[in-house]
Structure formats: structure tokens, C-alpha cells
Amino acid sequence: MKKEYTITVYTENQIGLLNRIAIIFSRRKINIESLNTSPSESEGIHRFTILINETEEVVRKLCRQIEKQVEVLKAYYNTEDEIVWQELAMYKVSTDAIAEKVKVERLLREYGARAVVIRKDYTVFETSGHREETDRLIKVLEPHGLIEFVRSARVAIIKSSNGFHEKLKQFEQLEPGEEVIENEYLSKQAEVFSM
Amino acid sequence: MDTVITAPNKTATSTPKPTVSISGSQAVLDALLAENATTIFGYPGGAIMPIYDALYDYTNQIKHILVRHEQGAIHAAQGYARSSGKTGVVFATSGPGATNLVTGLADAMIDSTPLVCITGQVFAHLLGTDAFQEVDVINITTPVTKWNYQITDATEIPHVLAKAFFIAGTGRPGPVLIDITKNAQLQKFEYSGYEKCNHIRSYRPKPIIRKSYIEEAAKVINEAKKPFVIFGQGVILGKAEQELKAFIEKGNFPAAWTVLGLSALPTEHPLNMGMLGMHGNYGPNVLTNECDVLIAVGMRFDDRVTGRLDKYAKQAKVIHLDIDPAEIDKNVQTTVPVWGDCKETLPMLTQLIQPNNHTAWINRFREYAQQEYDVVIQNELNPTSPIMTMGEVIKTLNELTNGDAIVVTDVGQHQMVACRYAKFNQSKSNITSGGAGTMGFGLPAAIGAKFGAPNRTVVAIIGDGGFQMTLQELGTIMQFNVDVKILILNNEFLGMVRQWQQLFHDKRYSFVDITSPNFVQLAKAYHIEGNSIKDRSQLKNALQTMLNHKGSYLLEVMVGKENNVFPMVPQGCSVAEIRLQ
Ligand SMILES: Cc1ncc(C[n+]2csc(CCOP(=O)(O)OP(=O)(O)O)c2C)c(N)n1
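In the order they appear, the protein sequences are chains A and B.
Under numbering that gives the first Met the number 0, the first residue of the first sequence carries the number 0, and numbering increases by one thereafter.
Under numbering that gives the first Met the number 0, the first residue of the second sequence carries the number 0, and numbering increases by one thereafter.
Read the hints as simulated data drawn from the structure, not as lab findings.
Among the clues, some could well be false.
[Unchecked claim] Derived DMTMM-like pairs: lysine to aspartate or glutamate, alpha-carbon spacing no greater than 20 Å straight-line:
# : chain 1 : residue 1 : chain 2 : residue 2
1 : A       : Lys60     : B       : Asp328
2 : B       : Lys329    : A       : Glu66
3 : B       : Lys244    : B       : Asp403
[What the hints assert, rightly or not] Some but not every residue of chain A turned toward chain B, in silico, with C-beta under 8 Å:
# : residue
4 : Glu11
5 : Lys60
6 : Leu72
7 : Phe170
8 : Leu173
As the structure is a computational prediction, the values presented were derived from the model and not from experiment.
Glycine residues also receive a C-beta, built at the ideal position from the N, C-alpha and C atoms.
Work out the full structure: start from the sequences and follow the hints.
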């Protein structure tokens with residue numbers, strides 16, 4: 000069954016790596032719903048957050064292919080319930096519309112939107128949250144003249160993760176400890192071996 | 000300048016390292032010397048001229064083979080790597096020079112061949128300006144390289160090349176491309192010597208071996224009534240031929256090979272049951288769907304091996320030994336994954352398995368082999384018609400070489416026939432384009448194979464079609480006196496495609512009727528001796544003359560125009576549906 004999976008990849012900060020990772024998806028004709036790259040908690044290590052809709056089997060294989068790339072340290076995949084995630088959205092609306100209509104201001108407050116820029120002609124609001132929330136705000140603003148809208152890629156924190164500092168230390172050793180080469184067989188050993 | 004610039008003693012790191020001022024180009028050549036990569040296949044051009052200029056001073060330490068086309072260079076480097084077990088090195092210029100490497104990169108990528116390709120690039124300040132012969136080589140080659148990198152500053156050269164050799168040759172090997180801008184080649188910098196790379200934190204060439212998997216695998220194997228070992232090139236790349244032999248001998252496991260695993264186990268070994276896959280042997284294919292434990296060693300379940308996947312070995316527990324974790328479960332669901340280098344994992348398994356004989360099970364293979372012999376092999380090797388078959392040519396060649404030659408093949412019917420019937424006593428003896436099926440591979444790969452194993456006889460078996468794809472490399476053979484024996488099996492067709500058209504397209508022979516030049520005269524133009532024969536009575540003598548000839552030789556053998564390679568697993572069928580005719 001296809002589901003939304005969030006893939007988190009820890010990598011070296013290297014030119015061309017984005018392409019190397021992107022073609023793993025495009026080669027298999029898999030659409031990337033959103034992609035974000037940023038620094039991570041560990042210095043010099045980049046973090047990709049990739050959102051796709053696929054079956055777990057496909058996602059697992061994709062992660063193996065991603066991890067196989069020389070400059071990739073680790074790739075994880077998680078379902079919705081295993082992560083805390085947010086997307087940032089920005090809305091440009093006419094300042095007149097807000098000034099004139101109390102309703103609009105109330106709406107924005109209701110959605111936790113924050114004004115980033117206020118000019119005579121337009122105002123830019125931002126809000127962050129899940130897709131449905133940011134989408135709903137578009138709907139309610141549309142009748143009042145939404146001039147421009149943009150939404151960022153998903154960023155996600157893995158609930159069970161202890162961060163990458165310890166792992167990185169292990170990667171830096173010539174002979175890494177066992178846990179950096181984890182795989183799903185370890186957690187499902189009993190299940191796998193009883194087949 | 001003729002000296003090796005050696006790395007200063009590593010222990011003396013407390014004092015600043017002594018440096019010398021050298022150019023980026025010199026650093027490239029010094030790296031090659033340090034890596035003992037002293038045979039290069041290449042072709043010069045504008046953007047790599049500084050490296051070629053530096054090479055001029057290194058010619059008594061580095062052997063550069065000037066090919067006739069960059070595709071020839073990379074296939075030659077592949078042949079070199081496959082016959083020697085070392086990393087092949089290629090030089091090419093920017094733009095078209097670099098793009099001519101792409102087919103070979105793709106081939107080396109899928110066949111896990113270690114290569115370091117060095118391409119020249121336009122000056123860094125011209126990148127992105129559509130400069131003369133500027134091509135975005137890095138992005139073009141990203142899908143077909145294990146790693147690639149563009150150098151724009153000479154100071155990067157030593158450590159990037161060290162990384163390149165480390166990545167190409169370790170783990171699951173593969174091609175690496177390093178693109179060096181012309182300014183970096185020319186730039187002088189303070190060089191403190193070359194240090195080999197043995198660790199990259201984001202790169203794990205070998206997965207950790209887990210004892211629990213080994214134990215579990217041994218348990219499954221010990222319980223097996225009908226175990227079957229299938230092995231691939233991983234055994235050769237891991238130099239684990241002896242370990243494989245010890246493993247199958249202890250458990251008395253019948254074993255079969257993929258096209259790239261061929262020669263890892265001697266042909267005559269009693270447990271060698273033959274070839275897997277589309278044109279493989281009858282027993283190994285049918286019994287894949289009967290075994291109870293399938294032990295796959297260093298192979299990747301290519302579709303040419305598995306046929307229809309949803310009907311592949313469904314009854315069996317699958318144990319998969321591979322160094323590349325991405326291969327586990329990629330195509331076939333594994334019961335027990337044995338991650339690791341099979342050089343290490345096979346002995347661990349061997350220790351835990353019980354000796355066994357499996358006589359009845361092994362006899363099943365022999366029964367199928369007999370059926371295959373009666374229906375297919377007998378006629379192929381001892382035809383009654385006056386027209387020669389490819390199989391009998393290979394059989395006669397076996398008799399004369401006694402299985403000691405390196406056989407390099409091109410792609411098509413002759414390739415499958417050679418793999419099926421050629422005899423091998425030692426490893427690294429079968430060199431062919433497996434995963435990519437690159438026509439034109441054979442001739443240049445044979446040149447490289449000879450440089451990689453100068454003391455062995457190298458026979459290139461090539462079709463009339465494939466030979467015409469890279470025959471320009473006859474020039475390389477001429478210029479460098481490369482002793483390769485070229486055996487053209489001429490069926491006056493693009494045989495393999497014709498076979499498919501006959502079997503699956505109602506014999507509509509659409510553009511497979513290919514004409515050829517007079518190959519013997521062509522060879523003569525390159526000062527290469529040759530002969531062409533049509534009659535069986537001439538075969539043995541002609542082959543003997545070819546093998547005895549000092550230096551390169553071309554022998555064309557006219558074979559049946561519309562012979563087919565059987566058995567065959569038709570596309571979309573299961574391996575058990577293999578057809579004998
Ligand atoms: C570069 C390339 N182009 C096309 C093909 C498709 N192809 C596979 S086998 C074959 C026919 C080869 O004919 P020939 O070289 O005469 O060998 P034969 O099959 O007759 O032994 C062709 C065209 C290929 N494998 N590689």
C-alpha cells in the first residue's frame with residue numbers, strides 16, 4: 000500500500016550530491032513530493048528531508064540505494080506517526096482587504112499566522128503547520144484576494160532519534176561499531192528467521 | 000623530470016612536511032605511480048594537454064596506450080582490470096572525449112569493474128559559458144559512476160585521486176571519474192607527497208559481518224535436502240575462488256554460475272553444473288525452481304538470470320551473500336541475508352556446515368544435463384550438416400588451448416555460445432560485457448586483457464556485427480604489437496536479434512542482415528595476419544595457426560547463418576519454462 004514516507008538523509012556537504020540523490024528517484028519514475036536540504040545538528044553534515052508517496056518496500060530499497068552513495072552517511076525512512084513535521088507557508092494579501100475586513104484579521108489570528116511584512120499595498124503573513132492547515136488558510140483567504148502563496152518543503156524531526164553526534168563519531172572511526180550498520184533484519188530478526 | 004616524487008615519511012608529522020613545487024599534472028602522474036597504476040589507456044586533446052605534456056617525462060615509468068577512440072580506451076581499461084584484478088586507468092579530453100567514455104562507464108558500473116577515468120576540462124573560469132569542448136561531464140556521468148568529482152584547484156589533486164582509487168577498488172568496485180580543469184593541471188603548488196586513502200567516513204566498503212546471520216544461514220543449509228549454490232562475479236572480485244570451492248566441496252552442493260561468475264570454478268569441477276539464465280543450462284534453470292535452499296554468492300539476480308521473478312525459486316529459502324547491502328532483497332526476497340565480503344563469509348559458513356553427499360539431488364542435474372546433451376549439445380558440438388556451428392569452433396578451441404586461454408567475447412549469439420562451451424581452468428579468464436551487453440566491447444577489452452595478463456593467451460571471440468563497432472582498435476593492436484587472437488564467428492547476420500525475430504516476430508528479419516568487409520584484407524591493412532575459413536576440414540589447423548602465430552592474428556570462421564542458441568528461457572517466462580528447441 001502506498002503511504003506518505005519521510006526520508007531523512009545525513010550526508011557530507013558536497014556539490015553534486017543533490018543530483019546523485021535526485022536521480023535515484025527520477026530513474027525509477029518516482030515523484031518527490033517535497034525536498035529540503037539544510038545543515039544538521041552535526042557540524043559539516045547536511046540533512047535532506049524528502050517526502051514521497053510509495054509502498055514501504057519501495058522506500059526501503061530507495062534508502063538502500065541512497066545509503067550506497069559514497070557521500071551519504073545514513074538514510075532513514077519514517078511514517079507520519081514517527082515524526083514531528085512542519086511546513087512553512089507564506090501568503091501575500093492586499094493590506095486594504097485586511098484593514099477593511101475585521102473578519103480577515105480574525106481568520107489570520109485563528110490560524111496562527113504572523114505578519115512578516117506590512118506595507119501600504121500588501122501584507123505578507125507566514126504560518127507553519129501541517130499541509131491541511133496551511134491549505135485551509137488559502138481557501139479562506141482566496142475570497143479576500145490572495146495575491147501570492149508559497150509553501151516550503153517539509154522538515155521533520157524523528158521522534159525516536161538521538162541525533163547524529165554519536166553516530167558521526169562512529170563513522171569517523173576506521174572500524175565502526177555495530178549500530179552504524181543497522182538494518183531492518185536486526186529489529187525483525189525473529190520474524191525474518193522464522194520464515 | 001623523471002623522478003618519483005615520494006611521500007615524506009608519515010611518522011614525521013610533528014615537523015611540517017617538506018614540500019616541492021610541482022604542477023597539478025605532475026601530481027596526477029605521481030599519484031598513478033604511487034597507486035602502481037602504470038598502464039593507461041587514453042587519447043589526448045586540448046583540455047588534457049598539460050597532463051599529456053607531463054606524461055612525456057614519465058614514459059619510462061608509465062605505459063600509455065594510445066587507442067583509436069575513447070570508447071576503446073575505457074573498454075581496454077575494463078579488460079585490463081578484469082584480467083589483472085587491478086584498477087584500470089583512462090585519460091580522455093573534455094567534451095566529446097569525455098562523452099565517448101559514457102558507454103564504458105555504464106558497462107563498468109553494472110559489471111562492477113574498478114576504473115579511474117581522468118578527463119580534462121576547460122579552464123575553471125570558463126565553466127558554464129558553453130566554452131569550446133565544454134561538456135557537463137560530472138552530471139552526464141553521475142548515474143554511471145560509483146563516484147565522480149571535478150577538480151578546479153591543483154591542491155586537491157593528491158587527496159582526490161587517493162580517494163578515487165580507494166573508492167574504485169574497494170567494496171563493490173566500480174568506475175570513478177575525475178574531471179580536472181585545465182588551470183588546475185597547469186597550476187603549480189606546494190606538494191607534500193602522496194598519501195593513500197584508506198578511510199572515508201561516509202563510505203563503508205564492507206558491511207559488518209553478523210555472526211547470527213552466519214549461524215542462521217548454516218542452520219538452514221544443514222537442514223536442506225536440495226541445496227543449490229549460484230554464484231556470480233562477487234567470487235572473482237572478492238578473490239574467493241578457493242573459499243567457494245571449499246564451501247561447495249564440504250557440503251557437496253551443486254553449483255551454477257552467472258555469465259560474470261564464469262571461470263571462478265573450473266569447468267571440469269564435478270560440482271560445476273553449468274550456466275544460469277536465459278541461455279544457460281537446462282538443469283540449473285529447471286532445478287532453481289525445485290531446490291529447497293538457494294545459496295546465492297556474489298550475484299545480483301539480474302533478470303537474464305531469474306526470468307520471471309514472481310515465478311522464481313518461490314519454493315526455496317534464499318540465502319544471499321553479498322558485499323553490497325543494496326542488493327539484498329532488491330529482486331529476490333532473502334530468508335537469511337549474509338552481508339559481507341564472501342572471502343570472509345564463505346569460510347565462516349564452511350566451518351559451520353556439515354559434510355553431506357546429496358547424491359540423489361546431484362543426479363537430478365546430471366539427468367537434465369543428459370537431456371540437454373541429447374537435444375542440444377550433441378548437435379551443436381558435433382553437427383552432421385556441412386555448415387559449421389559456433390559451438391564446434393569453441394570446442395576445437397578448447398582442445399587446442401586446453402582451457403588455459405583468456406576468452407574475451409563481444410555480445411550476441413557467439414557470446415552465449417562461448418560462455419556455454421568454453422572451458423576454463425583458472426579464474427579471471429572469461430571477460431565479457433554482462434549487465435550492459437555492450438556490442439563493441441570485445442576487441443578493445445581483449446587489448447586491455449592482454450596488457451593485464453601479458454603471459455596468457457588472449458582470444459577475442461567476436462561477431463561480424465560487433466567487430467564492426469570498434470574495429471578501429473586494430474590500429475592500437477598494430478601500433479603496440481598487442482598479441483591478441485581475434486576469432487570472428489561470421490553468420491552474416493546480427494545473429495542474436497535475428498534469432499529473436501525468428502522466434503518472436505514471425506521471422507520478420509528487420510535490418511539484421513549485415514554485410515561485412517573482407518576482414519582478412521582489413522587486418523592486412525593494419526599489418527595483422529589473418530585467414531578466413533568455411534570448411535570444417537580447415538578448422539583445427541586454422542585455429543592452431545592462429546594460436547601459434549607470433550603476435551596478433553585474425554581468423555574469420557564462416558558459420559551457419561540461421562543457427563539459434565538453445566536452451567532459451569523466453570522473456571517473461573519462468574526459468575522452469577526453459578525451452579530446449
Ligand atoms: C551497442 C549495442 N547495440 C545493439 C545491441 C543489440 N544487439 C544485441 S546482440 C546483437 C547482434 C549481434 O550480432 P553479431 O555481432 O553479428 O553477433 P552474433 O549475435 O551474430 O553472434 C545486437 C544488435 C547491443 N547489444 N549493443
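To see whether the hints hold, each was checked on the structure:
1. Lys60/A - Asp328/B: holds, 8 Å
2. Lys329/B - Glu66/A: holds, 14 Å
3. Lys244/B - Asp403/B: holds, 19 Å
4. Glu11: Nearest chain B Cβ about 5 Å off; hint holds.
5. Lys60: holds, 6 Å
6. Leu72: At 5 Å from the nearest chain B Cβ, Leu72/A passes the 8 Å test, so the hint holds.
7. Phe170: It holds, given that the least Cβ distance between Phe170/A and chain B is near 4 Å, below 8 Å.
8. Leu173: holds, 5 Å
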